[in-house]
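Asks: Got chain W; can you put chain Z on it based on the hints?
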Amino acid sequence: MALRRELAEPHTVGALGVVAPPLILVESPNFDGSLGQLFRCVRDGKVDLAAVSLLPICEAYFEYLMLGGAQSLDEAAAALAALAYLIERKAWGLLPSSEAEPVADDPAELPSPSTHEYRAAMEALRVWHEERSQLHFRAGAEPAETPLDLGGITPVELAAAFERVMRRCSPTPPEPARARRSLSDQMVQALGALQDGWKPLLKLLPDPFTREDAVYWFLALLELIRLGQAKVRLHAEELEFARAKR
Amino acid sequence: MNVVDAVEALLFAADGPLGIEAMAQAIGLTEGQTAQALEVLEARLDERGGLRVIRLAGGYQLCTKPEHAEAIARLLAPRERRLSKSLLEVLAIVAYRQPVTTADVEAVRGVQSDYALRALADRKLVRETGRKHTPGRPMLYGTTEQFLHEFGMNALDDLPRLDSLSPLSFALGSAESA
Numbered sequence: 000m001a002l003r004r005e006l007a008e009p010h011t012v013g014a015l016g017v018v019a020p021p022l023i024l025v026e027s028p029n030f031d032g033s034l035g036q037l038f039r040c041v042r043d044g045k046v047d048l049a050a051v052s053l054l055p056i057c058e059a060y061f062e063y064l065m066l067g068g069a070q071s072l073d074e075a076a077a078a079l080a081a082l083a084y085l086i087e088r089k090a091w092g093l094l095p096s097s098e099a100e101p102v103a104d105d106p107a108e109l110p111s112p113s114t115h116e117y118r119a120a121m122e123a124l125r126v127w128h129e130e131r132s133q134l135h136f137r138a139g140a141e142p143a144e145t146p147l148d149l150g151g152i153t154p155v156e157l158a159a160a161f162e163r164v165m166r167r168c169s170p171t172p173p174e175p176a177r178a179r180r181s182l183s184d185q186m187v188q189a190l191g192a193l194q195d196g197w198k199p200l201l202k203l204l205p206d207p208f209t210r211e212d213a214v215y216w217f218l219a220l221l222e223l224i225r226l227g228q229a230k231v232r233l234h235a236e237e238l239e240f241a242r243a244k245r
Numbered sequence: 000m001n002v003v004d005a006v007e008a009l010l011f012a013a014d015g016p017l018g019i020e021a022m023a024q025a026i027g028l029t030e031g032q033t034a035q036a037l038e039v040l041e042a043r044l045d046e047r048g049g050l051r052v053i054r055l056a057g058g059y060q061l062c063t064k065p066e067h068a069e070a071i072a073r074l075l076a077p078r079e080r081r082l083s084k085s086l087l088e089v090l091a092i093v094a095y096r097q098p099v100t101t102a103d104v105e106a107v108r109g110v111q112s113d114y115a116l117r118a119l120a121d122r123k124l125v126r127e128t129g130r131k132h133t134p135g136r137p138m139l140y141g142t143t144e145q146f147l148h149e150f151g152m153n154a155l156d157d158l159p160r161l162d163s164l165s166p167l168s169f170a171l172g173s174a175e176s177a
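Sequences listed follow chains W and Z, in order. The opening residue of the first sequence carries number 0 in numbering that gives the first Met the number 0; numbering runs sequentially from there. The opening residue of the second sequence carries number 0 in numbering that gives the first Met the number 0; numbering runs sequentially from there.
Bear in mind the hints are in silico, worked out from the structure with no lab data behind them. Accuracy of the hints is not assured; some may be wrong.
Once the Cα atoms are required to be at most 16 Å apart in a straight line, the calculated EDC-like pairs of lysine to aspartate or glutamate come out as [as the list claims (entries may be wrong)]:
1. Z:K84 with W:E122
2. Z:K84 with W:E129
3. W:K202 with W:E239
4. W:K230 with W:D206
5. W:K45 with W:D31
6. W:K230 with W:E130
7. Z:K84 with W:E116
8. Z:K64 with W:E130
9. Z:K64 with W:E129
10. W:K198 with W:E237
11. Z:K64 with Z:E46
The following block holds chain W by itself, in its conformation from the complex (with noise of 0.2 Å):
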């Protein structure tokens, strides 16, 4: 048997999944073909899986990926996904197998719960929620907001400071995830911004920034505030952050 490797058209649909296997070529006497093609025949049960070798197959995905042909996660993934399910279905053929096949349950048959069981139940609490509403209580000592000295700005002023931010932020760029610096990162950040007095929130962040950027920001200047090392006022209706005189 031979094999070949090649590298398959990125992000091709495959009925892998999204995103099909690279192009392992197989050759052996019961088939030749690709990875995928194989994987659909046994599937299928047009190949008898027990006369292919899985061995080399393995060895070229194992060099597909030392040979940096793995670009992409996604077909590396498919690829693997391909080959654990031919592995899993050679290994039961070799099983010696029993006279009589077991029937299978029927899972029909099985209790198998749903949300229909539990109607009766979601009636009655809907029920009871609106007897409920119905009462009334002794309303009990509001709860303490902040355990911080926001230095007389409330936690509403803070929270309407964050939305503002919030409505001008740009759309987040669709690139995939990438690792975001630590939340400390963002705080030496934030400090850095802070040396030169009086700022507003918009005047701290990058120009432009995403909805990410915004939060970490906020983040970081709340546990700034929190570790005595920031403090915020209100100027002008707007929220002003500087770093605090220890």
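Replies: For chain Z alone, coordinates are given in the frame of chain W:
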């Protein structure tokens, strides 16, 4: 000291359900005497006044009578706290099969349920009760006292018995979460 008045005062002062034991300790009576005083108070309030005693979440609490609900709603304009069908569905599953993982709930519903569980946790109707001892140690969820309170129940035993819910599915649920 009028014991019945004292019980009424305690219930008024407390901002949540009050157990008999706590009331008995506060007044300096036995639990039996406190329970009797509570019964008298219940009967007295049923006869007159705008309040009643309700048994909720393992304790007793004073609340307004339902006939005054409209007037109170006009005064306080309470926020609408209705639950959507999907939230109610997830809540019912958690209530009957707790402790459950997100995957358990999804297995029953057949759809992703993490958002619904988060929303219920935000409303303090469910809470994390621990982690399941299986690979990945998924979070287990159960209902809260707030759930009992919001649905007017004293204990989980008050949940209606579902005859259609097969005993086997209960057994499977508890075996999985053990």
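Asks: The structure should be examined with respect to each hint, and the outcome stated for every one.
Replies: Now the hints, each set against the structure:
This hinted pair checks out: Z:K84 and W:E122 have alpha carbons roughly 10 Å apart, not beyond 16 Å. Among the hinted pairs, Z:K84 with W:E129 is consistent with the structure: their alpha-carbon atoms are about 14 Å apart, no more than 16 Å. Under the criterion of a C-alpha separation no larger than 16 Å, the hint pairing W:K202 with W:E239 is consistent with the structure, at around 9 Å. Between W:K230 and W:D206 the CA atoms are separated by roughly 23 Å; this puts the pair beyond 16 Å, and the hint is violated.
Pair hint W:K45 plus W:D31 holds up; C-alpha atoms about 13 Å apart against a cutoff of 16 Å. Distance restraint check for W:K230 and W:E130: the Cα-Cα separation of roughly 47 Å exceeds the 16 Å cut-off, and the hinted pair is therefore not satisfied. The suggested pairing of Z:K84 with W:E116 holds, with an alpha-carbon distance near 15 Å, which does not exceed 16 Å. Restraint check: the Cα-Cα separation between Z:K64 and W:E130 comes to about 11 Å, which is no more than 16 Å; the hinted pair holds.
Pair hint Z:K64 plus W:E129 holds up; C-alpha atoms about 14 Å apart against a cutoff of 16 Å. For the proposed pair W:K198 and W:E237, the alpha carbon gap of about 10 Å is at most 16 Å, so the pair holds. Taking the CA atoms of Z:K64 and Z:E46, the gap is near 11 Å; set against the 16 Å cutoff, the hint holds.
Checked against the numbered hints above, the structure violates hints 4 and 6; every other hint is satisfied.
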